[in-house]
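Trainee: Protein chains in written order, with this note's numbering: chain Y, 19 to 441; chain V, 19 to 441.
A couple of the hints might just be wrong.
If chains are identical, the list can't say which one is meant, so a pair holds when it fits in one copy or spans any two.
Unchecked claim - Below are the DSSO-like pairs computed for lysine-lysine, each with C-alpha atoms no more than 27 angstroms apart in a straight line:
#: 1; residue 1: 149; residue 2: 166
#: 2; residue 1: 147; residue 2: 166
#: 3; residue 1: 336; residue 2: 38
#: 4; residue 1: 319; residue 2: 224
#: 5; residue 1: 149; residue 2: 438
#: 6; residue 1: 384; residue 2: 149
#: 7; residue 1: 44; residue 2: 406
#: 8; residue 1: 147; residue 2: 191
#: 9; residue 1: 425; residue 2: 99
#: 10; residue 1: 438; residue 2: 191
#: 11; residue 1: 99; residue 2: 319
#: 12; residue 1: 147; residue 2: 319
#: 13; residue 1: 392; residue 2: 23
#: 14; residue 1: 147; residue 2: 23
#: 15; residue 1: 56; residue 2: 191
Worth flagging that the hints you see were computed from the coordinates, not collected in a lab.
Number of protein chains: 2
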Amino acid sequence: MNILKANREALTELYQSLRKEYEEYKAQNLSLDLSRGKPDSLQLDLTQPMLDTPLTRDDVVNGGIDYRNYGVFEGVPAMKKLFSELFSIDENNIFIGGNSSLQLMYDTMMRCMMFGTADSPRPWVQVDKRKWLCVAPGYDRHFLITEKLGFELITIPMRADGPDMDLVEEYVKDPSVLGIWCVPKYSNPTGNTYSDTVVRRLASMKCAAPDFRIFWDNAYGIHDIAEEGDHLMNIFDACKEYGTENRVFFYTSTSKITFPGAGVAMMAMSDDNLNHARSYLSASTIGYDKLNQLRHIRFLKNPEHVRAHMRRLGDMIKEKFDLTLSILDQTLLDSGVATYTRPNGGYFISLDVMPGTAKRVYDLMKEAGVTLTKVGATYPYGIDPEDKNLRLAPTYCTLADLSLSCKILTVAVRMSAIEKLIF
Amino acid sequence: MNILKANREALTELYQSLRKEYEEYKAQNLSLDLSRGKPDSLQLDLTQPMLDTPLTRDDVVNGGIDYRNYGVFEGVPAMKKLFSELFSIDENNIFIGGNSSLQLMYDTMMRCMMFGTADSPRPWVQVDKRKWLCVAPGYDRHFLITEKLGFELITIPMRADGPDMDLVEEYVKDPSVLGIWCVPKYSNPTGNTYSDTVVRRLASMKCAAPDFRIFWDNAYGIHDIAEEGDHLMNIFDACKEYGTENRVFFYTSTSKITFPGAGVAMMAMSDDNLNHARSYLSASTIGYDKLNQLRHIRFLKNPEHVRAHMRRLGDMIKEKFDLTLSILDQTLLDSGVATYTRPNGGYFISLDVMPGTAKRVYDLMKEAGVTLTKVGATYPYGIDPEDKNLRLAPTYCTLADLSLSCKILTVAVRMSAIEKLIF
């Protein structure tokens, strides 16, 4: 039933029936959660063999190197090689971090603030009224870092093929616009992937700030769910064409390949950028955990093996995405009051409800015992200007809980829309 | 033979004999290294059982928590408990980090620069002509962090009982003096420990800056070599007496308990300080590796077990310290041109040669194929004003190499002194 086209009587009737259904759910005193963008334990069990096999002395002392000791500062060469092959980036441009790519991003950002970049006329902290482009809906932790560091956050709407590039190209004419957050593949939470055209425009656009930087958080770079995953152009290739290699800081990790709490993160950047970073990195840490890198190399082996592993993980996630979408489709597809994404990978489905009702949906869900990601979390300053976006994270809960949560969600979305329309 | 009291003839004769001995060493084309402050592989083998035993699924999923996943942001409670018991610090004031306490220190410092502390009227980056106290000889990476961040480094001479507190108390009257680096126990490189009086004076002194901070790097807090180790007063206890708990940022790690490259680091601070840090920590990382914490808890067990482990490590280090000191004693003890420390713990012996000759000793050693820590590295800006201090790191090389290196060193020290006196 298309709620937008229905008459008042039909809506009143539907509302009463939904209200009844809702009260029945509520009476069950549920405690469910659709907010957690993390794998369930069954997914993690696929990587358990990494822990089940001990690291022997021969594993950790070889080739004249004792990996238990200090040294090998930029990462175990085989770990670099694996990332290099997976993402087609030269090993010499890769630095292996700890268990968190977010930490590498934050650390880079702090370095830029205090010391600037390889191309900076001054540290970023000295740029008055500094601004940052935030593609929204997007990742709250990204936005939070730049908010805390005193950037004015500028919202760039996310389109099907990536950020609204007309707007981006307009904003970068301002020399106080210093960069942009990007999750280019299976973006959080929209699940879409930047087109080649968007990647090229990001690489080629004229930026007034000589030290403009793209924080390219390729967190879901190999995280396909569909058999035929999305294609993302290698941004370094594009930058090479336009002579803008210094523009990109690239990040990824194995958080959603192996373990979210104990994976291996990496960053990649041009020679200039890495040389600039090096002089500060060596003052800031004794280097990252090489033994965990050895564990990863042994378990992940090579790109083919990684892709096979990701296919198994993808199948487990697909089951949950399919279930979610099939339930949404039953009552929301033709409702006129909801649109949602059907990603080929990643961790999230983005649901747009009738403008002005997202918070009401959130509250109804809360009251019925289902936690959603806070409304606004996907926007700069935590404010969704249209009060319409909800981020769904189907991966963590069980299939039964997911099914129940989604059913309640479809009720809440329609109730909220009708309330808005006729009350 | 006391070189200072010998006549010219005797010195000339001694020099010729030393020169001959030196040339013989040189002819061997040696490649030795006394510069590396890290354990040897035999020491690390004591911790190998931690890696030999796999982490089973029951180890990593228990008590309703899947430690392989996100969450448990501030560290596994049992890891906090162990540090709490070892250092008599409340668990609630402990935050568990990654594999590098240096990283936690750098991160704290960057946070202070950009956001200030719980007591700051403004971020440190806004303090013009900011200054930092550096106890010297000290740890080069400490000095480097504050140098890079634009602090003027002020040298505080290290005395037998810790920093020259008269000088410290004088300097902290300046509101632009924002803090001090301290390695309070078995200090790098002098190996001495701060007396209770020094700890109390640090806790009680009147600081003009309301946000003055002591970076208390207790890296060698339980690293005794002698049977009766040094005693270090708990600085938090002292601060509580004087109401200055916010003054201290405490750091330590298992780098030299388990593995330098894959240990567990921690920081401890007052409630105010930790609450202040929390709001930034959650934006800066997804949390640290909990699986490595679980490995450590299982291997280290409890304080008694840790102390027994440290005794075994201490015995291995003692053998090398004893060898070093016995060789130095043979010709340098009564030479009048060298003094050196006899630490009860830690990793270093500090050797003061005749002022104005340390660089010459370094060069002679280099020429004979023995690498020493660069002269000046233990001082702010890398400059030893008297050109006299050498940091000896006996732990990494084999006993045979150590013996040979030390013998050449005694030759080089005496040669350099005589050259200075009579040429």
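Trainee: If a hint holds in the structure, say so; if it does not, say that too.
Mentor: Hint-by-hint comparison with the structure:
no.: 1; hint: 149 x 166; verdict: both (12 angstroms within a copy, 25 angstroms between copies)
no.: 2; hint: 147 x 166; verdict: both (13 angstroms within a copy, 25 angstroms between copies)
no.: 3; hint: 336 x 38; verdict: neither (32 angstroms within a copy, 78 angstroms between copies)
no.: 4; hint: 319 x 224; verdict: neither (41 angstroms within a copy, 58 angstroms between copies)
no.: 5; hint: 149 x 438; verdict: neither (36 angstroms within a copy, 60 angstroms between copies)
no.: 6; hint: 384 x 149; verdict: neither (35 angstroms within a copy, 52 angstroms between copies)
no.: 7; hint: 44 x 406; verdict: within (23 angstroms within a copy, 78 angstroms between copies)
no.: 8; hint: 147 x 191; verdict: within (15 angstroms within a copy, 35 angstroms between copies)
no.: 9; hint: 425 x 99; verdict: neither (45 angstroms within a copy, 44 angstroms between copies)
no.: 10; hint: 438 x 191; verdict: neither (41 angstroms within a copy, 64 angstroms between copies)
no.: 11; hint: 99 x 319; verdict: within (11 angstroms within a copy, 37 angstroms between copies)
no.: 12; hint: 147 x 319; verdict: neither (47 angstroms within a copy, 52 angstroms between copies)
no.: 13; hint: 392 x 23; verdict: neither (30 angstroms within a copy, 80 angstroms between copies)
no.: 14; hint: 147 x 23; verdict: neither (47 angstroms within a copy, 68 angstroms between copies)
no.: 15; hint: 56 x 191; verdict: neither (38 angstroms within a copy, 51 angstroms between copies)
Consistency with the previously given hints fails for numbers 3, 4, 5, 6, 9, 10, 12, 13, 14 and 15, ordered from lowest to highest.
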